[in-house]
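Each chain, letter by letter, is given below.
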Amino acid sequence: MPEQVVSYKCPACGAALRYTTTGKMGCISCGNSYEVETLEKLAQEEKAPKGFNWEAYREQLKGSEEKLRNTVTYICQSCGAAIETDGVTAATHCPYCDNEVIAMRQLTGGLRPNGVIPFAVTPEDAVKAVRAHFRKKPLLPRAFLSRHKLSKVKGIYVPFWLFNAGVHGDMSFDGTRVRCYSDNDYNYTETSHFLVNVAGRMRFCHVPVDGSVKMDDDLMDALEPFDYSGLKPFDPAYLSGFLADRFDEDPDKSFPRASDRMQAGAESLLRAEAGGGYATLTLKRSGMELDDPSVQYVLLPVYILNLEYEDKKYRFAVNGQTGKVVGELPVSKEMSRLYFGTAAAAAGALTTFLAYLLLR
Amino acid sequence: MKRVFSCAFAVLLVCLLCLPAFAEPSFDTSYTRFNDYAQSVTEDEESELNKKVEAQIESLRMDFPACVFLERNSTTTLSEFGADFYTRNKFGYGEEKSGVLLVLDLKNAKVKILYFGEADTLIGEPTRDAITDSFLADCRDDDVSYFELYSHYYDTVFAAVEEARTNPTTTDPNASPQTDGKPMPAWYPENTEGFTDFHGEDLPPVVDDAHIFTEEQFRELSDKISAMTKRLGIGYAAFTSDDNHGLTPEEYSSDFLHFNGYGVGDGYGAVVFYLSLDPEDRCWLTTSINTYETLFNFDVTYEIDEMVDSSIRGGDYYEAFLMHADYVDALFSNMSENLPDWYPEGTRTYALDRQGRTFAPSPDASKPRVTDGAGMLSAQQMQLCTQTLQTLSRQYGMDLVVFIDSSCRTPKLYQYAEDFYYYNGYAADGICLYIVNRDGFQVGALYYGKAERYGTLGIDRKLSNSIKNGEPASAVEEYVELLTFMLQHDRLPMSWAKRVFCVVVGLFVGWIVGKTVLKRLKKRMTIDSPIGAKSYLLDGSFCVTGRSSSFLYSTVTKTARPKPTESGSSGSSGSSRGGSSYSSGRSAGGSYSSGGRRF
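For the protein sequence lines, the chains are A and B, in the order given. The first sequence begins at 1 in this note's numbering and counts up one residue at a time. The second sequence begins at 1 in this note's numbering and counts up one residue at a time.
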C-alpha cells in the first residue's frame, strides 16, 4: 500500500518550495517566500504530533522492528511516480521530477524528532569550506583536488541522539610525593605513597551520538560541536530541499557510546581534583554510575561529499551549522618526502652549525 | 608568518621578563636551609622554618642551614660532618660563605653549632655559649615541640647576629682554647696572642704522649728521624697523643709544630705525622705548616694514607711511623739531590723556597724557548720551533715555552714544570708546555696571567696521541702549529672526529625533526574524534562530594655521591677521597694543611 507523503507547494504559483538559510520557504519559480508556520497552517496537516519518547518507542518497537526496516514505496505528489526507498529515508527527491518528497510516516507519532537544527550553511559555502580545508593540507596530492568537482555536496539531516545523564562516582589513586636529600656519601630519594580518594557528581547534557548506521561514527563525532541553542522544535518544513533519514540505530544501542564519553569526562574532572601536590597519580579504582538518563531525538544538518581517488573512496562531512569540515584525506608520498626532507635538512643544518660553534 | 613573528615575540618577551630571575643571589639556593632527615617536624612546619630562614639571609648577610638526622653512615665527628655538609651543599652567604650551621643528632642526643666565615669572627664565645645553652635548655623542656625548638633556636641566632652587627666584638683567634679545666701540654703558651713562628732548639723527633711505643721502638724511631732531618735539613716530627685537649686533631697537631718551633728555613716549614688516640676522635694525620703546605697537598697525603692505612688499622703503629718517615725521606731526597742547573743554589723543588717571588713584567726574547733536557729534538726541529715560539712570544707579549725532560723531581709533574718556569725567570704571562718522562712520556701545559684564558681549551690533550705513540718530537711540532692557530683564533682547530660528530648529531636531530613534522602533518589528514564529554558538562553541576588522602608507606633509594677525581692542580681544601680528608685553616699557632683518616 503506497504511503502518504508531504511536499510543500507555493500558494501563489504551485511550484515546489525549498527551505532557505533565511529560515523561510522560498519558491524557486515566483520567488515568494513564506514562514514555515504559515505554510503549516495552510497545509492543515495532521494534528500536533507527539515528540520522540524513549519508553514509548521501546513499546512501539516490540514486534515491529522488522517492519520498520523494510523498503517502503511512496507516491510523488508532483508527478505521481512510485518512489521506493529504504525503511529509514525521511526526505528525498523524486527521481523523475526532482520534487522534494518528505515521508511523513518516518517523522510522525513516536518517530517524530524532538528538534532540528536547520542548515545555516549554504551548499556553496560548504563547498568553499571544503576547498579551504583542502588548501590547509600540505600533504594532499595535487591531483586529488583537480580531478574532482566539489559541487556535488548533499545536504542531509542526520538523526542524532542527544543524551543527558547525571554521573556520580569515586576514584582511588596511588599518589606519590618525592623528596631528595643527601649526606656525606649518598644522595637519597624518598618516595612517599598516599592513598588518594576523591568522589563527586556532575551532569552532562546533549552528548551527541549519531543514530544512523550508514554514517561513520568517527566522522560524525568529529563534526562536533553543534550549537544547541539553535535547536528548533521539529517541523517537516525544515527538511524541504534536503535529504533526511530516520534513525536506524535505537537509543539503547547508542547509549553505551554516550555513557563511555560521560564516564571518561567525569574521570578526567575527578583526576584533576585529586592531582594537586602529587608528583604522580596512578589510578587504582574507578567506580562511576549514571543516573536519570534521558534522550532527545534530533536531526542535525550535515553536508556529505563522497570522492574517489586511486580506487579508494573518501567521505567528507561538513557541519551544516558551523561549516566545520572533517574527513580522512589521501597522503601524497611525494609531498611527504618533500616536507620530511625540508624539515630534516633545515633542522640538521642548524644543529650541525650549533654543534660546530659549541665544540670548535 | 604571523605565527612565527608571534612566537619570536613571545620568546623575546619571556626572556626579558626572566632577566631579573638571572640576577645572581649572594647565596646558593639549590638546597633547602632546614633539612629534617629525622622527620621531627611536619612538612608544613619544615616549609615554614625554611621560609623563616630564607627571609633573614639577605638582611643579616648570613646563612642559617640546619641538619637534623637520626642516623648517618659516617664515622666522622659531628663537626667534620657539619663542615662537609655545609661545604657540599654550598651553604654560606657571600664570598666568605658566612653562616651558622645547626647539626642535631636526635638518636644520640648530640648537637653541634658551627660558625663559618664572618660568623666565626663576628659571634664571640659568650654569645655562642648562650646560643648553645638556650638550645639545650629547650631540648630538655618536654613541653617544647620540635618546631618550637627550631623556631626558638633561629630566633636566638637571628637576634645574636643582629646584636653582633650592631655591637661588633670580634673573637680573638689567638686566645688559648677552652680546655674544660684539663691542663694543656707544657709547650702550649699561656696566651697565643702575637705568636710568631720561631726555630726551636733540641726538639725531640718523636713525642709519644699516647705511650704506644716501647723504649726500643721509641729510640729507633727517634734515631731514624733525627738522622733524616739532619741530613735533609727539614722540619719533621712524629707525634702521638690520647687527648686533643678540646681541639680538633688538625689544630692540635699544627699547634704542636708552631708552638714547639719545628719550622725550618725562612719559611718555617714543618710536617708532623700525628696519631690521635683521643677516644673522641681517633685518627692519623699528616699535618704541614707554612711553606710545606703546598708540598703536602691532597695527592701526597692521600698516597701516605693509602700506604699506612692497613698498618694503623691493624694496630702496628710503629710500622706506620717508620713507613711515613721513609716516605718523607724519599720525597725530600728526590727534591734536593742532583737537581737541574736551573734550580738556584741551595733551593729545593716545588714551592719550598719560592716565597715572595715575583714575575718579570714582560717576556724576554733572549730566553730559551725550547729546553730539551731529554734530547728528543733534532737541531733543525729545535731551531724551527724556537723561531716560531720567539715570534709568537713577541707578537702576543707572553712567554711561550716548551720544556722536555727525562725525569721529574717533584711528586707531581706540573710542580716540576712550575719550578722550571719560575726559576728560569719567565714572564707573568705565558704558556709552558711540559713533556716529562716518568713511566713513559707525559704531557701537560701551564698557563699564566693573560694566557690563563687558554687553559680550558686543553691544547696539551690534543698532543696525547703523539705522546702515546712515543713521538715527543712530533708532539712539539704539532704543539707549535696548534699554538699558532690558538693564539690567532682564540680556539683550537676542530678535530675530524668532532666534525663527524657534529654531522652525525645534525643528521640525527634532522631525522627526528623531519619525522615529527611529518607525523604532525599526517595527523592533520585524519579524523580527530573528541574523547570524553567534558565540553557537555552542565554549568555548575560539578561538585566534589568527598576527598581524602592517607599516607601508605615510603621508600628511600640512595645513590653514591660522586667522589672528587684526581686533578693536576695543587692541593685543594675541604675535599675527601676514599676516607682521606684534607683541610687547611688556621689554628692558634698559624696556618696549616692536614690530611689523614679516622679509624
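Hints in this document: simulated from the structure, not taken from any laboratory. It is possible that part of the hints are untrue.
As the list claims (entries may be wrong) - When the alpha-carbon atoms are kept at most 25 Å apart in a straight line, the in silico PhoX-like pairs for lysine-lysine are as follows:
1) A:K312 to B:K522
2) A:K333 to B:K515
3) B:K534 to A:K324
4) A:K137 to B:K519
5) B:K515 to A:K128
6) A:K136 to B:K523
7) B:K523 to A:K137
8) B:K523 to A:K313
9) A:K324 to B:K519
10) B:K515 to A:K137
11) A:K333 to B:K522
12) B:K522 to A:K324
Unchecked claim - Stretch by stretch, here's where chain A covers chain B in the computed footprint (C-beta under 8 Å, at least three residues):
13) 500-512
14) 529-537
None of the values given here were measured: they were computed from a predicted structure. Note that the Cβ used here is the ideal one computed from N, Cα and C, for glycine as well.
These are the hints, each one checked on the structure:
1. For the given pair, A:K312 sits about 18 Å from B:K522 by alpha-carbon distance, which is consistent with the 25 Å threshold.
2. With a CA separation close to 14 Å, the supplied pair A:K333 and B:K515 stays within the 25 Å bound.
3. Pair hint B:K534 plus A:K324 holds up; C-alpha atoms about 20 Å apart against a cutoff of 25 Å.
4. A distance of roughly 13 Å separates the Cα atoms of A:K137 and B:K519; the hinted pair therefore holds under the 25 Å criterion.
5. Taking the CA atoms of B:K515 and A:K128, the gap is about 31 Å. The hint is violated against a cut of 25 Å.
6. For the hint pairing A:K136 with B:K523, the CA-to-CA distance comes to about 13 Å; that is within 25 Å, so the pair holds.
7. Between the alpha carbons of B:K523 and A:K137 the distance comes to roughly 10 Å, so the proposed pair stays at or under 25 Å and holds.
8. Between B:K523 and A:K313 the alpha-carbon distance is near 19 Å, which keeps this suggested pair within the 25 Å criterion.
9. A hinted pair counts as satisfied when its Cα atoms are at most 25 Å apart, and A:K324 with B:K519 qualifies at roughly 23 Å.
10. For a cut-off of 25 Å, the pair hint linking B:K515 to A:K137 stands: about 17 Å separates their Cα positions.
11. In summary, the hint linking A:K333 to B:K522 is supported, as the alpha carbons are separated by about 11 Å, within the 25 Å threshold.
12. With a C-alpha separation of about 19 Å, the suggested pair B:K522 and A:K324 falls inside the 25 Å cut-off, and the hint holds.
13. Only residues whose C-beta sits within less than 8 Å of a C-beta in chain A count toward coverage, and the stretch 500-512 of chain B has 10 of them, enough to reach three; the restraint holds.
14. Counting residues of the stretch 529-537 of chain B whose beta carbon lies closer than 8 Å to any beta carbon of chain A gives 9, which reaches the threshold of three, so the coverage claim holds.
Of the hints listed earlier, the one the structure fails to meet is number 5.
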